[in-house]
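**Student:** What follows is each chain in one-letter form.
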Amino acid sequence: MDRRSFIKSSGAAMAGTAAPMFPLAALAADDIGIGSIHDLSGGLDIYGKPMVDALTFAIEEQNAAGGLLGRKLKLFSYDPQSSMQMYAQFAQQAALKDKVAVVHGGITSASREVIRPVLNKHKALYFYNTQYEGGVCDRGTFSTGVTPAQTVGKLIPYAMKKWGKKIYIVAADYNYGQITSQWVKKFALENGGSIASIDFFPLDVTNFGPTISKIEAAKPDMVVSALVGGAHMSFYRQWAAAGLTKKIPLASTTFAVGNEHIVLSAEEADGFLLSYNYFENIDTPENKAFKARFHKRFGADYPNITELAMGTYQGFKLWAEGVKKAGSVEIGKVTTALESGISINAPSGKVSIDPATHHCILNVSIAEVRNKKLNILQTFQQQSPIDTSAVCNLTRNPKDNQQYVIKA
Amino acid sequence: MDLAIIVLIQVLYAVASLVIISSGLAVIFGMMKVINLAHGEFMMLGAYAVIGSLRLGINLWVAIFIIAPIAVGVVGVVLERLVIRRLYGRMIDTMLATWGLSLLLVGVVTSVAGNTTAGVSAPMGSFSVGAYSVSSYTLVIIGVAVALGLAIRLVLMHTQLGLIARGTMQKPDMANALGISPSLVYSVTFAVGAALSGLAGALLAPLTGVVPTMGGAFVAKAFITVIGGGPAILAGLVSASTLFGAINQLATFATTPVFGEVALLAAAIVMLRMLPQGITGRFFRRSL
Amino acid sequence: MNRFAHSWMSAALVIAIGIVLMLALPGVMDEYSLLQGTIYAVMAILGVSLGFIWGFGGILCFGQAAFFGLGSYTYAVAVINMGDSTVPFILAMAVPALFAAILGYVIFFGRLSDVYMGVITLTVTLILFNLVNSTAGPEWKIGVAPLGGFNGMPGIPTLNYPGKTDQALSPKDLFYVTMVCLLLTYLGLRVLISSKIGRVIIAAKENEQRVLLLGYDARVYKLFSFTLGGGIAGLAGCLFANWGAFTSPTIFGLAQSAQIIIWVIVGGLGTLVGPIVGSVVIQWLTTQIGTQQIFNSNLVLGVILVVFVVLVPRGIVPSLGSALEWLWHKLKSRAAAPGKTKQRSTAAPAVSASSPTTTGLSSTAKTASTINEQTA
Numbered sequence: 530m531d532r533r534s535f536i537k538s539s540g541a542a543m544a545g546t547a548a549p550m551f552p553l554a555a556l557a558a559d560d561i562g563i564g565s566i567h568d569l570s571g572g573l574d575i576y577g578k579p580m581v582d583a584l585t586f587a588i589e590e591q592n593a594a595g596g597l598l599g600r601k602l603k604l605f606s607y608d609p610q611s612s613m614q615m616y617a618q619f620a621q622q623a624a625l626k627d628k629v630a631v632v633h634g635g636i637t638s639a640s641r642e643v644i645r646p647v648l649n650k651h652k653a654l655y656f657y658n659t660q661y662e663g664g665v666c667d668r669g670t671f672s673t674g675v676t677p678a679q680t681v682g683k684l685i686p687y688a689m690k691k692w693g694k695k696i697y698i699v700a701a702d703y704n705y706g707q708i709t710s711q712w713v714k715k716f717a718l719e720n721g722g723s724i725a726s727i728d729f730f731p732l733d734v735t736n737f738g739p740t741i742s743k744i745e746a747a748k749p750d751m752v753v754s755a756l757v758g759g760a761h762m763s764f765y766r767q768w769a770a771a772g773l774t775k776k777i778p779l780a781s782t783t784f785a786v787g788n789e790h791i792v793l794s795a796e797e798a799d800g801f802l803l804s805y806n807y808f809e810n811i812d813t814p815e816n817k818a819f820k821a822r823f824h825k826r827f828g829a830d831y832p833n834i835t836e837l838a839m840g841t842y843q844g845f846k847l848w849a850e851g852v853k854k855a856g857s858v859e860i861g862k863v864t865t866a867l868e869s870g871i872s873i874n875a876p877s878g879k880v881s882i883d884p885a886t887h888h889c890i891l892n893v894s895i896a897e898v899r900n901k902k903l904n905i906l907q908t909f910q911q912q913s914p915i916d917t918s919a920v921c922n923l924t925r926n927p928k929d930n931q932q933y934v935i936k937a
Numbered sequence: 004m005d006l007a008i009i010v011l012i013q014v015l016y017a018v019a020s021l022v023i024i025s026s027g028l029a030v031i032f033g034m035m036k037v038i039n040l041a042h043g044e045f046m047m048l049g050a051y052a053v054i055g056s057l058r059l060g061i062n063l064w065v066a067i068f069i070i071a072p073i074a075v076g077v078v079g080v081v082l083e084r085l086v087i088r089r090l091y092g093r094m095i096d097t098m099l100a101t102w103g104l105s106l107l108l109v110g111v112v113t114s115v116a117g118n119t120t121a122g123v124s125a126p127m128g129s130f131s132v133g134a135y136s137v138s139s140y141t142l143v144i145i146g147v148a149v150a151l152g153l154a155i156r157l158v159l160m161h162t163q164l165g166l167i168a169r170g171t172m173q174k175p176d177m178a179n180a181l182g183i184s185p186s187l188v189y190s191v192t193f194a195v196g197a198a199l200s201g202l203a204g205a206l207l208a209p210l211t212g213v214v215p216t217m218g219g220a221f222v223a224k225a226f227i228t229v230i231g232g233g234p235a236i237l238a239g240l241v242s243a244s245t246l247f248g249a250i251n252q253l254a255t256f257a258t259t260p261v262f263g264e265v266a267l268l269a270a271a272i273v274m275l276r277m278l279p280q281g282i283t284g285r286f287f288r289r290s291l
Numbered sequence: 003m004n005r006f007a008h009s010w011m012s013a014a015l016v017i018a019i020g021i022v023l024m025l026a027l028p029g030v031m032d033e034y035s036l037l038q039g040t041i042y043a044v045m046a047i048l049g050v051s052l053g054f055i056w057g058f059g060g061i062l063c064f065g066q067a068a069f070f071g072l073g074s075y076t077y078a079v080a081v082i083n084m085g086d087s088t089v090p091f092i093l094a095m096a097v098p099a100l101f102a103a104i105l106g107y108v109i110f111f112g113r114l115s116d117v118y119m120g121v122i123t124l125t126v127t128l129i130l131f132n133l134v135n136s137t138a139g140p141e142w143k144i145g146v147a148p149l150g151g152f153n154g155m156p157g158i159p160t161l162n163y164p165g166k167t168d169q170a171l172s173p174k175d176l177f178y179v180t181m182v183c184l185l186l187t188y189l190g191l192r193v194l195i196s197s198k199i200g201r202v203i204i205a206a207k208e209n210e211q212r213v214l215l216l217g218y219d220a221r222v223y224k225l226f227s228f229t230l231g232g233g234i235a236g237l238a239g240c241l242f243a244n245w246g247a248f249t250s251p252t253i254f255g256l257a258q259s260a261q262i263i264i265w266v267i268v269g270g271l272g273t274l275v276g277p278i279v280g281s282v283v284i285q286w287l288t289t290q291i292g293t294q295q296i297f298n299s300n301l302v303l304g305v306i307l308v309v310f311v312v313l314v315p316r317g318i319v320p321s322l323g324s325a326l327e328w329l330w331h332k333l334k335s336r337a338a339a340p341g342k343t344k345q346r347s348t349a350a351p352a353v354s355a356s357s358p359t360t361t362g363l364s365s366t367a368k369t370a371s372t373i374n375e376q377t378a
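If you read the protein sequences in the order shown, they are chains A, B and C. Going by the working numbering, the first residue of the first sequence is number 530, and it counts up by one from there. Going by the working numbering, the first residue of the second sequence is number 4, and it counts up by one from there. Going by the working numbering, the first residue of the third sequence is number 3, and it counts up by one from there.
List time: in silico EDC-like cross-link candidates among lysine to aspartate or glutamate, alpha-carbon distance up to 20 Å: (1) A/Lys626 / C/Asp32; (2) A/Lys820 / A/Glu589; (3) A/Lys650 / C/Asp175; (4) A/Lys652 / C/Asp32; (5) A/Lys601 / A/Glu589; (6) A/Lys650 / C/Glu33; (7) A/Lys846 / A/Asp582; (8) B/Lys36 / B/Asp176; (9) A/Lys928 / A/Asp883; (10) A/Lys650 / C/Asp32; (11) A/Lys694 / A/Glu719; (12) A/Lys743 / B/Asp5; (13) A/Lys650 / C/Asp168; (14) A/Lys714 / C/Glu141; (15) C/Lys198 / C/Glu210; (16) A/Lys879 / A/Glu868; (17) A/Lys603 / A/Asp560; (18) A/Lys714 / A/Asp728; (19) A/Lys862 / A/Asp883; (20) C/Lys198 / C/Asp219; (21) A/Lys853 / A/Asp883; (22) A/Lys825 / A/Glu590; (23) A/Lys748 / B/Asp5; (24) A/Lys628 / C/Asp32; (25) A/Lys628 / C/Glu33; (26) A/Lys652 / C/Glu33; (27) A/Lys628 / A/Asp559; (28) B/Lys36 / C/Asp116; (29) A/Lys695 / A/Glu719; (30) A/Lys825 / A/Asp582; (31) A/Lys776 / B/Asp5; (32) A/Lys603 / A/Glu850; (33) A/Lys715 / A/Asp750; (34) A/Lys626 / C/Glu33; (35) A/Lys626 / A/Asp560; (36) A/Lys846 / A/Glu815; (37) A/Lys862 / A/Asp667.
Since the hints were made in silico from the structure, they are not lab data.
Starting from the given sequences, assemble the full structure and let the hints guide the process.
**Tutor:** Dropping the structure here:
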């Protein structure tokens, strides 16, 4: 190896380091940048893709209506490929290089906790639109997803009234699964129920055979599942293969969010109970109109507009309202505007931001899976995020910045 | 008593699935000393072949036993001709090239099929053992594993094809002198190994979520089983699968699936420390 | 030419370029690019660790990510418990090195060969991943630091000036520290390679039997290089935890190990500069892929890996080096005898008197370049 090749290689290294400085996608002087950090590959892509579709749709809608404050919106979509390092990197890129006005992103709670500090540090507004375990108390973040008090608090009593009191919980082994299972336990005990066992499974486990036998041995009245991701779909498959879908009923806080009800067959999923903010067959004029426009854009055979997709759409709409009220995209002004009581008429009903917690007050429905469709059984209007408001009050402590692990 | 039967069935199922998963890799590694890290993706292709066939209305069993192996076998031949052929004898390089192929296949399937695909549910319902119900499909898996083992032995020991294959693997230049084309034998063997992987994926499709990334969960286990088994194809496959499958499932019953995995991995390390050439490096040396 | 490559001058050149980059870049780059530069440097250190033990020690470790992860977790746990970051920084190198030593003992003194070593290192990294991944419950903590399982450990305090807990390193300072670590690692390894120990290590890779017959215990030397590689990877892990202020089990994963191997292959096995170049190139590529929607990232990475293994097996840096070498010789022979070059090259080897020299030169050049690859 001679002198020249050393220089060449160092030059290559320098060019490699310098190359990112030349932006591939430049922001035109007047455009407003919207950052999207959602997984489009890797195990979480089943959640991420519909969310990015919804955000794209929302931005196109807004641009067709003349943009925001007279300026066009531009989407910067990052695919962190289910890697924590990339989450951090893209959060940095969105805030520092592409200088977006807001970031909508993060799917798992783990990814949110990586993005949040980075965006806080670089003063970028963050909207987390995925349903999660509650407790995030941070003035720079708005969480528009449903939290356990809103969904689990309604789902468990309903299921217990229908099926019985003994519950077996299977949950994904990370903060969402851990905390949600505590909430299930709390609501079960409050309603006179009992917990047979709580089992946790890391996200890549596919072998549920012994677990299923253990569940049978425990003879519960129902199973509550907080399983997450593509690998955990094997649980439902193996559960059905053992014939238990018909024997032991199941309620879930995560099922259908990744379109599991479409991937699985009817026999494998019929009868499951779920509780979310949005279902495609909500019977309101706004929803019908939304679906018509959405299907026009993405095709009539679009599998399902998921809860997370709608969460992203609603999150964007809320932010847009805040910007309009503030008259600017500067984070301080928008935050103040959002805290002044913003609400929108979304396809899922009325959605408002609760100033004290930066979470949302919204409708929650209980639905049943039937023939690959989700049929609404009961709707509860305007549920407040009481789990987070029990520990978090940003009006009184604006400097608060942490996720409270809510003790159930 | 019921629990004992259930545990036995589950253990047999774990062993059987390891046999099925690793068979393709065992054939390719045992015969050609090629470590095919795209093995998991061949399985994934088999699973997708089944789903595609179901969409076209083809019967499930035909799809699993005929279409999936043939489809993946063809893919295997193509990849062997284009890539693997150039790297024979360079074990590490083949490992890396096949790793690249696995990423490529995942990427292609994701781009083509997307992430939300209708899966296939397990056929044949379930049966009860006392208070427990078990999927009848697990018995199918166990049966297929046994049949597979017998078939491999039959083909390799008692057919012309098997004889040619074994001869070429042992001494390619001699086989060449006798008028056999080693490159053709290699292609066929790789195709057979790929077909077996496709069959494995097809068989497991009703029991796991079929997504483009499903291969990753299996390749490590298959890899460890094949290396742990040692140079003899069939004896190594069966012995290693039995050992690891039993340990895995028993540990899972005793604790959680995670510790079941860890137990399998730890057992592999211990075993390799004691038997550096794999199980059939020391025992069953002369067997197939 | 290869004298130069072996000599202190080539090392000095690389160090000089590194220092120039280190001092100049913060001046021209904004905060974002500085952060990018830091992570590239961190990953470069990780790449160099594998490049060293694989290219010079002959050890293909499928689980280098295990030491990386151990380093970052050790740092995180220690700094959350201790407050001041000096001891954690040292622990972050010591613990992975210790682990590597134990693992290395099992592998090398068990006389395991290539493939089996690959399997064992793969298994170890999977075990670690599975174990750390299932520590999500609140009961899993070391001292006061919760391990967090899949969630990882967020909010890790940054390195601070020794003794002064309230003065944490700024991103610019972190960049300097990382670059210094990278340059020191490179320099240290170059010195090691040209020392007697280094020569035995390389010889053990080439022909272990011969080394044994010469009286050196090859296993001890392999253990040494493996441990050293583990420690360097641990250092990279500690710096990673500082860069992102988080760590999570995914860095123990198979995907991370695969990435490191890809960097070394693409950059050039057998060089130290190669893995640095490879890691920067691939990192940059992965980032770019993530920001566009046309090509799936797996697809692109897979194609790159296959292409490199099949067509450019020696990697970027050695191939570039050889290409330049060839060009250099072409230019030199043309400069030495302009116009007569054509006669020399077209004459058949046995006929013309000068041709054997030409062929002799080119063959020496070829062998020289193969030896050269080993030392850069």
